[in-house]
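Chains A and B, in that order, are what the protein sequence lines are.
Residue numbering for the first sequence follows our numbering, beginning at 1 and increasing consecutively.
Residue numbering for the second sequence follows our numbering, beginning at 1 and increasing consecutively.
In case anyone wonders, no lab produced these hints; they're calculated from the structure.
One or more of the hints may lead you astray.
Unchecked claim - So the derived list for chain A, only partly shown, Cβ under 7 angstroms to chain B, looks like this:
{"no.": "1", "residue": "V26"}
{"no.": "2", "residue": "A106"}
{"no.": "3", "residue": "T107"}
{"no.": "4", "residue": "G109"}
{"no.": "5", "residue": "H110"}
{"no.": "6", "residue": "G133"}
{"no.": "7", "residue": "K137"}
{"no.": "8", "residue": "E176"}
{"no.": "9", "residue": "I193"}
{"no.": "10", "residue": "P199"}
{"no.": "11", "residue": "M213"}
{"no.": "12", "residue": "V221"}
{"no.": "13", "residue": "L223"}
{"no.": "14", "residue": "C226"}
{"no.": "15", "residue": "M228"}
{"no.": "16", "residue": "G230"}
What the hints assert, rightly or not - Below, computed lysine to aspartate or glutamate pairings styled on EDC-like, alpha-carbon distance capped at 20 angstroms:
{"no.": "17", "chain 1": "B", "residue 1": "K63", "chain 2": "B", "residue 2": "E32"}
{"no.": "18", "chain 1": "B", "residue 1": "K21", "chain 2": "B", "residue 2": "E32"}
{"no.": "19", "chain 1": "B", "residue 1": "K222", "chain 2": "A", "residue 2": "D25"}
{"no.": "20", "chain 1": "B", "residue 1": "K222", "chain 2": "A", "residue 2": "E191"}
Claimed, not checked - Here are a few chain B residues that sit away from chain A, every Cβ distance over 10 angstroms (derived from the structure):
{"no.": "21", "residue": "A14"}
{"no.": "22", "residue": "L20"}
{"no.": "23", "residue": "K21"}
{"no.": "24", "residue": "V36"}
{"no.": "25", "residue": "G41"}
{"no.": "26", "residue": "P42"}
{"no.": "27", "residue": "I43"}
{"no.": "28", "residue": "R119"}
{"no.": "29", "residue": "K120"}
{"no.": "30", "residue": "P149"}
{"no.": "31", "residue": "E154"}
{"no.": "32", "residue": "E156"}
{"no.": "33", "residue": "E165"}
{"no.": "34", "residue": "S233"}
Small disclaimer: the values here were computed from a predicted structure and weren't measured.
A virtual CB, placed ideally from N, CA and C, is assigned to each residue, including glycine.
Number of protein chains: 2
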Amino acid sequence: MLKILFINPVGTDAFDEPILKTINDVKRADVEVKVVHLSKGPIHLEYHYYEHLNMEETLKWVKWAENEGYNAVIIGCFYDPGLREAREIVSIPVIGVAEATMHVAATLGHKFSIIVGRRKWIPKMESNVYLYGLGSKLASFRILNFTVPMMLREPEKLKEAVISEARKAVEEDGAEVIVLGCTGESGFMKEIIEKIGVPVLDPVVVSWKYAEMLADLYQKVKLTHCKMFGYESPPREEGYLPKWEHR
Amino acid sequence: MLKILFINPVGTDAFDEPILKTINDVKRADVEVKVVHLSKGPIHLEYHYYEHLNMEETLKWVKWAENEGYNAVIIGCFYDPGLREAREIVSIPVIGVAEATMHVAATLGHKFSIIVGRRKWIPKMESNVYLYGLGSKLASFRILNFTVPMMLREPEKLKEAVISEARKAVEEDGAEVIVLGCTGESGFMKEIIEKIGVPVLDPVVVSWKYAEMLADLYQKVKLTHCKMFGYESPPREEGYLPKWEHR
Numbered sequence: 001m002l003k004i005l006f007i008n009p010v011g012t013d014a015f016d017e018p019i020l021k022t023i024n025d026v027k028r029a030d031v032e033v034k035v036v037h038l039s040k041g042p043i044h045l046e047y048h049y050y051e052h053l054n055m056e057e058t059l060k061w062v063k064w065a066e067n068e069g070y071n072a073v074i075i076g077c078f079y080d081p082g083l084r085e086a087r088e089i090v091s092i093p094v095i096g097v098a099e100a101t102m103h104v105a106a107t108l109g110h111k112f113s114i115i116v117g118r119r120k121w122i123p124k125m126e127s128n129v130y131l132y133g134l135g136s137k138l139a140s141f142r143i144l145n146f147t148v149p150m151m152l153r154e155p156e157k158l159k160e161a162v163i164s165e166a167r168k169a170v171e172e173d174g175a176e177v178i179v180l181g182c183t184g185e186s187g188f189m190k191e192i193i194e195k196i197g198v199p200v201l202d203p204v205v206v207s208w209k210y211a212e213m214l215a216d217l218y219q220k221v222k223l224t225h226c227k228m229f230g231y232e233s234p235p236r237e238e239g240y241l242p243k244w245e246h247r
Numbered sequence: 001m002l003k004i005l006f007i008n009p010v011g012t013d014a015f016d017e018p019i020l021k022t023i024n025d026v027k028r029a030d031v032e033v034k035v036v037h038l039s040k041g042p043i044h045l046e047y048h049y050y051e052h053l054n055m056e057e058t059l060k061w062v063k064w065a066e067n068e069g070y071n072a073v074i075i076g077c078f079y080d081p082g083l084r085e086a087r088e089i090v091s092i093p094v095i096g097v098a099e100a101t102m103h104v105a106a107t108l109g110h111k112f113s114i115i116v117g118r119r120k121w122i123p124k125m126e127s128n129v130y131l132y133g134l135g136s137k138l139a140s141f142r143i144l145n146f147t148v149p150m151m152l153r154e155p156e157k158l159k160e161a162v163i164s165e166a167r168k169a170v171e172e173d174g175a176e177v178i179v180l181g182c183t184g185e186s187g188f189m190k191e192i193i194e195k196i197g198v199p200v201l202d203p204v205v206v207s208w209k210y211a212e213m214l215a216d217l218y219q220k221v222k223l224t225h226c227k228m229f230g231y232e233s234p235p236r237e238e239g240y241l242p243k244w245e246h247r
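Only chain A is shown next, with the shape it has when bound in the complex:
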């Protein structure tokens, strides 16, 4: 039995149940899922400063997962907050929702468009596209004009807006693949694929399946992210690793 932890790096339980439902619909029977959220901090990560505020408890959960024998961990936000930091402190695969989803998108069609809630999100997300090496695969960003709290409040309007912007991305921007750029846009992937006619990637679904794949590869052949160079762990003797790191 493999175990994977999905962390909602926000101080609210509002996403736990819908995300658990989405994962349960697609997960392998032999993989156990746990979804957690933070005990405090901002309830969304639309601001970089909020990422900073939520980073410590997120990383604590990442380390907790490794200590508890989890086979992989997912950081559940399309900004991929704390991805590098997390990989420095654990050996189990750490999956960035955006990184995993974009790479899968790149194998399903010529170019992808990312549907974001607000224009505010684009600069960091576009930077991540280039950071992940996928600049040439990006057709466009499309904006819903929904904050994360609005997404939670108005799921039907959200779905309509996603369908409308996804269509425009296909028809006007040359997208062959649609990436939903927020875990708040999750839960209606199959329905939207049928409506749009091109692949539509729910980042919760795709990052979950990617995590299953990496968890399996880690268990079976010890494959995980490189622990030398970029993700080298801070030396214990420098004394900056917190107590929870030592458990």
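Knowing the structure of chain A, use the given hints to seat chain B on it.
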């Protein structure tokens, strides 16, 4: 039960058994594997012209897989021969060994190096790296000076050469991840990961796990490559689709 077909696009059964063994070591219990080879044609694909010669029977197997209810198909050569053509004629996920392995590599470390048999292979494979959008993630190519037939004849010497070139890629070229650039370099991933200390990706293992992931996503949420635009199927009425396509 999911079923995945692994096609060795070469006119020899020499790879079937070792590849089946490699897959059996890592595959999910609930996924069925079948490995096939071509009835005729070149026994390796070191020449582009050989790809051309082997293309038709390869595509026939791809279509056969869809007709027989397979959930995904892998084209087992690191040149990814016929990937676009195959995606045009079927809806089931078609996995290119190189495409899948390189994208996974990109999520495991800063840059990857590809270990090829001969310098002859580099131009097409480097072109593929850029085609897949991953030019900025490429540290280097490293050359073993092994033809494919030599790989089959001298597996121990091959392993030594891979370890030696992989080390140089890490130490001299800035690679954090090693990609074995031929299905002939398969079967010793776990051993090499322990020796080199960075992730080493066996293209058979990784493309198999990637295929499991996509097979699952296709079955559960109908996700597959985009069938519009780049992979649009030729119209039946033009009459160029062969008889085996119609089964």
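Report the numbers of all earlier hints that the structure fails to satisfy, in ascending order.
none
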